[in-house]
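Enquirer: So the chains spell out like this:
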Amino acid sequence: MEVKNSEDNTRIAEDVLIQVEHLKKYFPIKGGVLKHTVGHVKAVDDVSLTIKKGETLGIVGESGSGKSTLGRMIIRLLEPTEGKIYFENDDITDLSNRKMRPYRKDMQIVFQDPFASLNSKMSVSELIEEPLLIQTDLTKKERKEKALNLLEKVGLRADDRNKYPHEFSGGQRQRISIARALAINPKFVIGDEPVSALDVSIQAQVLNLMADLQDEFGLTYLFIAHDLSVVKHISDRVAVMYLGRIVEIAPKDDIYNNPLHPYTQALLSSVPVTDLSKKSEKIVLEGDLPSPSDPPSGCAFRTRCPLAHDRCTTERPHLLNRDNGHSVACHLHDNK
Amino acid sequence: MTNSTVLSVEGLKTYFYLDDNEIAKAVDHVDFAIEPGETLALVGESGSGKSITSLSIMNLIEKPGKIVDGAIYLNGKNIVDLSDKKMTDIRGKEVGMIFQEPMTALNPVYTVGNQIIEVLRKHKKMSSSVAKKRAIELLKLVGFPRAEETIKEHPHQLSGGMRQRVMIAIAIACEPKLLIADEPTTALDVTIQAQILDLIDEMKHKFDMGVLLITHDLGVVAEYADRVLVMYGGQIVESATKQTLFNDPKHPYTNGLLASLPSLDKQTDRLGAIKGTVPPAHRFPKGCRFSTRCPHVMEKCLHANPDLIPESDGHEVRCHLFK
Ligand SMILES: Nc1ncnc2c1ncn2[C@@H]1O[C@H](COP(=O)(O)OP(=O)(O)OP(=O)(O)O)[C@@H](O)[C@H]1O
Ligand SMILES: Nc1ncnc2c1ncn2[C@@H]1O[C@H](COP(=O)(O)OP(=O)(O)O)[C@@H](O)[C@H]1O
Ligand code: SF4
Ligand code: SF4
Ligand SMILES: [Mg+2]
Ligand SMILES: [Mg+2]
Numbered sequence: 015m016e017v018k019n020s021e022d023n024t025r026i027a028e029d030v031l032i033q034v035e036h037l038k039k040y041f042p043i044k045g046g047v048l049k050h051t052v053g054h055v056k057a058v059d060d061v062s063l064t065i066k067k068g069e070t071l072g073i074v075g076e077s078g079s080g081k082s083t084l085g086r087m088i089i090r091l092l093e094p095t096e097g098k099i100y101f102e103n104d105d106i107t108d109l110s111n112r113k114m115r116p117y118r119k120d121m122q123i124v125f126q127d128p129f130a131s132l133n134s135k136m137s138v139s140e141l142i143e144e145p146l147l148i149q150t151d152l153t154k155k156e157r158k159e160k161a162l163n164l165l166e167k168v169g170l171r172a173d174d175r176n177k178y179p180h181e182f183s184g185g186q187r188q189r190i191s192i193a194r195a196l197a198i199n200p201k202f203v204i205g206d207e208p209v210s211a212l213d214v215s216i217q218a219q220v221l222n223l224m225a226d227l228q229d230e231f232g233l234t235y236l237f238i239a240h241d242l243s244v245v246k247h248i249s250d251r252v253a254v255m256y257l258g259r260i261v262e263i264a265p266k267d268d269i270y271n272n273p274l275h276p277y278t279q280a281l282l283s284s285v286p287v288t289d290l291s292k293k294s295e296k297i298v299l300e301g302d303l304p305s306p307s308d309p310p311s312g313c314a315f316r317t318r319c320p321l322a323h324d325r326c327t328t329e330r331p332h333l334l335n336r337d338n339g340h341s342v343a344c345h346l347h348d349n350k
Numbered sequence: 004m005t006n007s008t009v010l011s012v013e014g015l016k017t018y019f020y021l022d023d024n025e026i027a028k029a030v031d032h033v034d035f036a037i038e039p040g041e042t043l044a045l046v047g048e049s050g051s052g053k054s055i056t057s058l059s060i061m062n063l064i065e066k067p068g069k070i071v072d073g074a075i076y077l078n079g080k081n082i083v084d085l086s087d088k089k090m091t092d093i094r095g096k097e098v099g100m101i102f103q104e105p106m107t108a109l110n111p112v113y114t115v116g117n118q119i120i121e122v123l124r125k126h127k128k129m130s131s132s133v134a135k136k137r138a139i140e141l142l143k144l145v146g147f148p149r150a151e152e153t154i155k156e157h158p159h160q161l162s163g164g165m166r167q168r169v170m171i172a173i174a175i176a177c178e179p180k181l182l183i184a185d186e187p188t189t190a191l192d193v194t195i196q197a198q199i200l201d202l203i204d205e206m207k208h209k210f211d212m213g214v215l216l217i218t219h220d221l222g223v224v225a226e227y228a229d230r231v232l233v234m235y236g237g238q239i240v241e242s243a244t245k246q247t248l249f250n251d252p253k254h255p256y257t258n259g260l261l262a263s264l265p266s267l268d269k270q271t272d273r274l275g276a277i278k279g280t281v282p283p284a285h286r287f288p289k290g291c292r293f294s295t296r297c298p299h300v301m302e303k304c305l306h307a308n309p310d311l312i313p314e315s316d317g318h319e320v321r322c323h324l325f326k
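Residue numbers (the numbering used here), protein chains in the order written: chain A, 15 to 350; chain B, 4 to 326.
Worth flagging that the hints you see were computed from the coordinates, not collected in a lab.
It is possible that part of the hints are untrue.
To be verified - Ranges of calculated distance between the beta carbons of each label pair, as one might list FRET restraints:
#, chain 1, residue 1, chain 2, residue 2, range
1, A, Gly301, B, Glu104, 18 to 28 Å
2, A, Arg336, B, Asp201, 29 to 39 Å
3, B, Glu205, A, Ser305, 26 to 36 Å
4, A, Glu96, B, Ser130, 54 to 64 Å
5, B, Pro288, A, Glu96, 52 to 62 Å
6, B, Ser49, A, Asn163, 29 to 39 Å
Claimed, not checked - Below, computed lysine-lysine pairings styled on DSS-like, alpha-carbon distance capped at 25 Å:
#, chain 1, residue 1, chain 2, residue 2
7, B, Lys128, B, Lys143
8, A, Lys296, B, Lys135
9, B, Lys269, A, Lys296
10, B, Lys69, B, Lys80
11, B, Lys245, A, Lys292
12, B, Lys127, B, Lys155
13, B, Lys269, A, Lys292
14, B, Lys16, B, Lys69
15, B, Lys278, A, Lys167
16, A, Lys266, B, Lys269
17, A, Lys201, A, Lys266
18, A, Lys66, A, Lys201
19, A, Lys296, B, Lys209
20, A, Lys296, B, Lys143
21, B, Lys96, B, Lys135
Stated by the list, open to error - A short, non-exhaustive set of chain A residues, derived as facing chain B with CB atoms under 7 Å:
#, residue
22, Asp213
23, Ser215
24, Asn222
25, Leu223
26, Ser243
27, Thr288
28, Lys296
Given the structure is predicted, the values throughout are model-derived calculations rather than measurements.
We put the beta carbon where it would ideally sit given N, CA and C, even for glycine.
Kindly generate the complete structure, drawing on both the sequences and the hints.
Expert: Okay, here's the thing in C-alpha cells:
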C-alpha cells in the first residue's frame with residue numbers, strides 16, 4: 015500500500031481515480047434507558063486503498079464484513095469516523111453538500127435489490143430522466159432522447175419506457191438501475207451486490223452488460239459481492255475483507271492462484287465448483303464471524319484461523335506489500 | 004419403485020387457478036424417486052417450480068393452488084389424499100424440512116430447547132425430561148458444544164448459520180427417512196454454507212435418509228448431490244446422475260445454465276447468458292416451454308412439447324434434438 019504524506023496536494027498519481035486512507039466507520043451502539051453510547055460497531059476499521067482509472071476493484075467478504083459501509087463512505091453517502099477520501103486529485107472527505115455537488119455526478123451506485131431502489135410510482139423514462147433533470151441543463155427533448163438511447167444501451171426496448179418497475183423482472187429492473195446510474199456520464203460506479211439477487215442466467219446477462227458499458231464509457235468500477243467467482247470474473251484486482259479490515263489485496267490472478275491469507279484460502283476452498291475433477295480439500299472454518307462491536311484482539315481472524323499462534327492474540331498484523339501489489343495482513347507473511 | 008424407496012412422486016400436477024380463468028401450471032407432470040442415503044438435487048431458475056414441488060410433497064399448497072393429479076408415495080404409502088390432520092403427523096415426523104430462512108420457520112418467542120422438545124413430545128410422545136435430554140444430544144450432534152446453554156437461547160440470539168443448525172436438529176429429531184431442504188444455504192456465506200451442507204451430508208449417512216436438495220447453485224449440486232433433476236417451466240427437462248449431468252449435459256437449458264456460470268479457474272471474457280427470462284406459469288409458450296429462449300429452436304419446437312425420453316441408462320432429456 016502506498017500511503018503518502020497527506021499534506022501534499024498534488025500527490026495522487028495521475029492514473030488513480032479514488033484513493034482512501036485509514037478510513038474508519040464506527041457506528042455507536044446505544045444502550046440503557048438513557049440511550050447512552052455503550053460501545054461501537056467497527057464496521058470499517060482502518061482501510062486504505064487506491065482504484066486506478068478504468069479498472070475494476072472487486073471486494074469480497076462475508077456479510078457484515080463492512081463492504082457496503084466502505085462503498086458508501088467512498089462516495090460520501092456515509093460520513094467516515096476517520097480517514098481521508100480523494101477523488102482524482104481532490105480531498106473530498108469534508109466537502110459540504112454544496113461543494114460535493116459537482117463530484118456527485120461523477121459517482122453512482124447500483125444496489126442489490128433493484129425493486130427497493132427504484133421508485134415504484136415512476137415510469138422507466140421518468141426514472142432515467144430524473145438524474146438528468148437534477149444534474150444537467152438538458153432540455154426536456156434532449157432528456158427524452160438521452161433516456162431512449164440509454165434504454166437501448168442496457169438492452170431494453172423503446173416501448174418499455176412507459177412501463178413501471180413492477181412490470182419488469184429482477185434482471186430487467188437491474189438494467190433500469192444501471193441506465194439510471196449511467197445517465198449523467200459518471201466516471202465511477204459502485205455496484206453493491208448488483209447481481210446477487212439474480213439467477214445465474216440473468217446474472218450473466220447483467221455482468222456482460224456491465225463489462226460492455228465499462229469498455230464503451232471507460233468506467234471505473236468498485237464491485238462488491240460475496241460470490242467469489244463473480245468477483246473474479248469482473249475484477250482486475252480483488253480485496254478480501256474480514257471484520258472491517260482488508261486482509262488481502264492483489265491482482266485477481268494472484269489472489270486466486272496464490273492466496274496468502276488463511277481466510278482467503280478458506281474462502282476459496284469453500285466455493286463449491288462444478289468441475290467434478292477439481293474437487294479440492296475444503297478448509298472448513300470453525301464458528302461464525304465474531305461481532306464487529308467486540309472484535310478479537312490482535313488479528314481479528316484468529317478465533318477461526320487454523321494457523322493462529324501466540325503473536326496473533328497480542329499484535330494486529332498490518333497490510334504489507336509482499337510483491338507487485340500483492341498485500342496481505344498476516345503474521346505468517348511479515349518477514350520481508 | 005423398490006421396497007425401500009423413500010419417496011416416489013408420480014405424475015404430479017399442481018396448478019394455481021388465477022382470476023380471469025387463467026391457470027398457472029406451476030408443476031406439470033413431474034415424476035421422480037429418492038432412495039435411502041441418496042441426495043437428489045432439484046435445480047432451475049427462480050419460478051421454475053422447485054418449491055411448489057416440495058410444498059406439494061408436504062401437502063402445504065394453499066389456495067388458489069391445488070394438487071390436481073398424481074400420486075406421492077412416502078415410504079410406500081400414497082399420501083396425496085391424506086387429511087390435514089394426518090399430514091400434520093407426517094410433517095416433522097416422517098419428513099424433516101429445512102428452509103432458506105430459518106428465522107421464519109423458528110418461533111421467536113420460544114427458546115431453542117422448547118422448540119425441539121415440542122417436536123419430540125408431539126411426535127415421539129416423550130416426557131419433558133426425556134425430551135430435554137434428547138434435545139441436548141441433538142444440539143451436540145449438529146455442532147453446539149455448549150448445548151446445555153444453547154437450549155436456553157432464543158433464535159434471535161443466534162447467527163444465521165447457527166439457526167440453520169437448530170433447524171437441522173429439529174428436522175432430524177424424529178429420525179425421518181426423508182429430508183427436504185429448500186435452498187438451505189442461500190442466505191449464508193460460503194464458509195458457513197460449507198459447514199451446513201457438510202452437516203446435512205453427515206446426518207444423511209448417519210440416519211440413512213433420502214435428501215431432496217433444492218438449490219439454484221450448480222456448484223452445490225456438483226459437491227453434494229448424487230442425482231440431479233433440472234426443472235424448467237414446471238417440468239423436468241433433464242434427469243441424470245451428477246457425473247453424467249456435468250460431463251455430458253444434453254438439454255439446451257442445462258447447457259445454458261452451465262455456460263452462465265463464472266468460473267474460478269478459467270477466465271472467459273463473456274459469459275454465455277441465456278437470453279430472456281422464465282415465463283410465468285400461466286404464460287408458457289405453446290410447444291416446448293424453453294422455445295422462447297432456446298438457441299436451437301426449430302419449427303417443430305413451436306408446436307409440440309417434447310416428452311422426457313431416455314437418452315441412455317438413467318439419463319433422460321426433454322428436447323426434440325434428441326430422439
Ligand atoms: N400462490 C401462487 N399463485 C400463483 N402462482 C404461483 C403461486 N405460487 C407459485 N406460483 C407460480 O408457480 C411457479 C413456480 O414457483 P416456485 O415457487 O415453485 O418456483 P421456484 O422454482 O421454487 O423458484 P425460486 O428459485 O424463486 O424459489 C412460478 O411461476 C410462480 O409464479
Ligand atoms: N447504520 C448502521 N448502524 C449500526 N451498525 C451498522 C449500520 N450499518 C452497518 N452496520 C454494521 O456494520 C457492519 C458492516 O456492515 P456492512 O457494511 O453492511 O457489511 P457488508 O456490506 O459487508 O455485509 C455490520 O456489523 C452491520 O451490522
Ligand atoms: S495473523 Fe495469525 S491468526 Fe491472523 S491470519 Fe495470520 S496466522 Fe491466522
Ligand atoms: S425442444 Fe426445441 S426449443 Fe425445446 S429445448 Fe429442444 S431444441 Fe430447444
Ligand atoms: Mg452489504
Ligand atoms: Mg423456491
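Enquirer: Hint asparagine 222 of chain A vs chain B: min CB-CB distance below 7 Å?
Expert: Holds, about 5 Å.
Enquirer: Verify the proposed pairing of lysine 69 of chain B with lysine 80 of chain B, using a straight-line Cα cut of 25 Å.
Expert: holds, 20 Å
Enquirer: Lysine 269 of chain B and lysine 292 of chain A were given as a pair; does the straight-line alpha-carbon distance stay at or below 25 Å?
Expert: Holds: lysine 269 of chain B and lysine 292 of chain A sit about 12 Å apart, inside 25 Å.
Enquirer: Are lysine 296 of chain A and lysine 143 of chain B close enough, with their CA atoms no more than 25 Å apart?
Expert: holds, 23 Å
Enquirer: How does the Cβ-Cβ distance of glycine 301 of chain A and glutamate 104 of chain B compare with 18 to 28 Å: does it lie in that range?
Expert: holds, 21 Å
Enquirer: Return holds or violated for the Cβ distance of glutamate 96 of chain A and serine 130 of chain B against the range 54 to 64 Å.
Expert: holds, 58 Å
Enquirer: Does lysine 66 of chain A pair with lysine 201 of chain A here, judged by a C-alpha cut-off of 25 Å?
Expert: holds, 11 Å
Enquirer: Should the hint that leucine 223 of chain A touches chain B count as held when the rule is a Cβ pair under 7 Å?
Expert: Hint violated; leucine 223 of chain A Cβ to chain B Cβ min 9 Å, cut 7 Å.
Enquirer: Quick check: does the Cβ-Cβ distance between proline 288 of chain B and glutamate 96 of chain A fall within 52 to 62 Å?
Expert: holds, 58 Å
Enquirer: For the range 29 to 39 Å, tell me whether the beta carbons of serine 49 of chain B and asparagine 163 of chain A fit it or not.
Expert: This hint holds: roughly 30 Å between Cβ atoms.
Enquirer: Straight-line Cα separation of lysine 128 of chain B and lysine 143 of chain B no greater than 25 Å?
Expert: Between lysine 128 of chain B and lysine 143 of chain B the Cα gap is close to 22 Å, so the pair holds against 25 Å.
Enquirer: Please work out if lysine 296 of chain A and lysine 135 of chain B have their alpha carbons no farther apart than 25 Å.
Expert: Violated - the C-alpha atoms of lysine 135 of chain B and lysine 296 of chain A are around 34 Å apart, more than 25 Å.
Consistency with the previously given hints fails for numbers 8 and 25, ordered from lowest to highest.
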